[in-house]
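S.K.: Listed here are the chains, written in short residue letters.
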Amino acid sequence: MTDQKSTAAVPAGGYGSDAAIARLKARRRAETRLKAYGICAIALAFAALGALAWSVVSKTATALTEHYVVLDFEIPQEDVDPDGTGDVAVIGKANFAGITKDVLKARFPSATGRKERRQLYDIVSNGTAYELRALVLDDPAALRSPLNFAFVASDVADLYLKGVYGSFVEQQRPPASALEVTELETNTWQVTADAPVFRAALGDLSGLLLERAERLRRQALLQENGRRVFEERLQAAMDEAERAEYRKEADARAARRDQLTEEADALVRTSSEGGAISLDRSMPTLVVRVGDDWYKLAEVQDNQATITALSAADALPGELSDADWTFLVNSVPESARKISDLQAVWLEDLKSAGSVEKRYNWRFFTSGDSREPELAGILGAAVGSFWTMLVTFVLAFPIGVLAAVYLEEFAPRNRWTDLIEVNINNLAAVPSIVFGLLGLSVFLGFFGIPRSAPLAGGITLALMTLPTIIIASRAAIRAVPPSIRDAALGIGASKLQTSFHHVLPLALPGILTGTIIGMAQALGETAPLIMIGMVAFIVDTPGGITDSATVLPVQVFRWSDLPERAFEARTALAICVLLAFLVAMNALAVFLRKRFERRW
Amino acid sequence: MNNLTLKDPELEYRDNKISARGVNVSYGETLAIKNVDVDIPDKTVTAFIGPSGCGKSTFLRCFNRMNDTIDICRVSGDIRLEDQNIYDRQIDPVQLRARVGMVFQKPNPFPKSVYDNVAYGPRIHGLVNNKAELDDVVEACLKRAALWREVKDRLHEPGTGLSGGQQQRLCIARAVATAPEVLLMDEPCSALDPIATAQVEELIDELRLNYAVVIVTHSMQQAARVSQRTAFFHLGSLVEHGHTTKIFTNPDDQRTQDYITGRFG
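In order, the protein sequence lines correspond to chains H and Y. According to our numbering, the first sequence is numbered sequentially starting from 51. According to our numbering, the second sequence is numbered sequentially starting from 74.
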């Protein structure tokens, strides 16, 4: 009988046969393939994660520092405290914004027109006057002494100083190149040199011209197509009025075509023959710097240019020796940046005078939201997140854990508990926005909890987190070996004592892990909080659970929507802060698991 | 048959600690114990033997109502601990389990210190008034479990760090710490090596002086070595019950004869 069995179990042809070996090989191949798929999947996941992390982290660079414009001045006492009372109430009412403007005007007296003045005021932040006011209120003695005050640069000035909008780069030019200056009209001069001093910049410009010419040609082609269509309609048209109209349209398009073609030809000619190129806002900015005075090139060829004063205090002499002037180019055209040429050269002036200071952007972590990117910080959102998470934890953790203990240790197994279990599992999969709707209608509508308050947000998120905590806690409780329960019950511990003295402490690492994962999920949640109004613009740091607040992910969401470019980096930095919190929470979960995990 | 063993005159000569009459235990539809009558004499080791699945462990767990923790388990009949029906409404199973201690098949110390393992029972039952008394109780129990010499320097190290035999003796110390009258042992040596088994068996022999001990075992030799009484179970019924020497040398029933000689089981 045993013989029969063994012959039956041997595969057809025996273990050594070709068929058996082929089968074995096929099995090995399948295994290798599976492993390869697995490795590919993991590599893909890591690549995606790396790309994500890099794209976020690399964008934060410009938000890590901020620039200050440091100026020496004295606050005229008559503007602030004319009677010399030293009274805080009087000083507090003074026009510090006006004082700031006066300081800037004094620094750049050449800015005289309304437009220029406004540009000048825009290089420092709107909020900087409040800081000056705070300084004076803190120490009224500052009124009577010379001040060295650091004005926060505005967001565009800050970005320019960080090189986001290009920078003025000095160009190579032939040695010993003096400029001969002829005044054409007020504030406009022609400068001529013996050597091709401007050639360095021309290469890029002519490339730009050819590109433009190409674009014009394409437009001309479109006009030609339009003309042809009307030509055809003209052929097919029946009555005279219609025909006249089509002819008019066709002629108009032909004229436009010819005009465009001509413009394109002119551009090509200029670029190839080295004629004078006239510069506009969509071309790189070319400037000549003479000391602290800046002149912008309006028209340029190899050795000659027409220049206009950009920011000039002194009159231009008849000749500029080689050492007197420098030729600089900012390859980012004015139309492509938020900062004007004038503001840019002012900042260059300040930079060379040593009045620009770069500091770490601690403000980002110590201030609340603001409309001005340079003043905006995440402290308000972080504190809002803290209060919200506190409410969530205080509600979700005890309720979740006790529910899990009841369901695992005390509840009888019947249809009702099965129903409850199914429903808890389903709740974990409910879209979070639905919880937001619930929060809106029940907590805000019915119970009248204040809008935008961490209390409402926390309760809503607690509801969302509960199923996660209950499921994780039940799994952790179930994983406690029954022998521990037997041991406790066997020496006369009650069910309650068994659960709380023995089962819960052993399940706690798992419960905490699940709770932290649930809390991390809640920390990153946006949708339900938007439903209950935590998306408002709130500058103050919330002081409690009923103050209006916003939270980190909502802050990220709001900033990502704002047009100011400086918010881009701040959004990225806020994401990093959020991620840092999440990573910290997950690390804590891992630590708790490793530290308190017990094996049997 | 069961009635026959009941009338065994030798069973009556000592006080009976536990008397069970007409006990039936069912798991849902399945009847695991069928109408069993047994008396457990005081200061005696009673061994329950029988093939796997014959219901001896289930029956043992009736004595401290551990079967209550299994939802589908139903117990009927009359089990008396010193003339008190332990399935009476007035009996609190928690109190009962302090009086009827239990040691399980696998050593299951709490993942706490040796000291806390033993001290847990006295603490929750309020058997001690202060730390000094508790220290005394712990020491006495560990001595009773013949473990004191080995663990007296590591009382505050985790109980799970002891060897298997030490863990099982720790569980015995923990069981005797609540001052029980009866000790139930469910295959206490099945997870132990022969040396640890010998130590535990020696301990059981000493414990007999103070407690009624009921031990479930698969090992016929162990039953013969440690017990004075033996009950043989087969398919949920009590087949034969009496003096160990008699069961092993001159059983009344053919099935007992077959089992102890190794024909089945």
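In case anyone wonders, no lab produced these hints; they're calculated from the structure. Be aware that one or more of the hints could be misleading.
Computed cross-link-like contacts, DSS-like style, restricted to lysine-lysine with a CA-CA straight-line distance of at most 27 Å [what the hints assert, rightly or not]:
#, chain 1, residue 1, chain 2, residue 2
1, H, Lys644, Y, Lys185
2, Y, Lys185, H, Lys545
3, Y, Lys116, H, Lys545
4, Y, Lys225, H, Lys545
5, H, Lys644, Y, Lys204
Simulated coverage check for chain H against chain Y, where a stretch passes if three residues somewhere in it have a Cβ under 8 Å from a Cβ of chain Y [stated by the list, open to error]:
#, region
6, 527-537
7, 541-552
Yeah, the Cβ is synthetic: ideal placement off N, Cα and C, and Gly gets one too.
S.K.: For each hint, tell me whether it holds in the structure or not.
M.R.: Going down the list of hints, with the structure as the test:
For the hint linking H/Lys644 to Y/Lys185, the alpha-carbon distance of about 17 Å falls within 27 Å, and the restraint holds. With a CA separation close to 19 Å, the supplied pair Y/Lys185 and H/Lys545 stays within the 27 Å bound. Restraint check for Y/Lys116 and H/Lys545: the C-alpha separation of about 31 Å exceeds 27 Å, so the hint is violated. Only pairs whose Cα atoms come within 27 Å are accepted, and Y/Lys225 paired with H/Lys545 is rejected, the gap being roughly 31 Å.
As the CA atoms of H/Lys644 and Y/Lys204 are separated by approximately 33 Å, the hinted pair breaks the 27 Å bound. Residues of the region 527-537 of chain H lying with their CB closer than 8 Å to a CB of chain Y number 6, which satisfies the three-residue condition for coverage. Check on the region 541-552 of chain H: 7 of its residues sit with their Cβ under 8 Å from a Cβ of chain Y, so the three-residue criterion for coverage holds.
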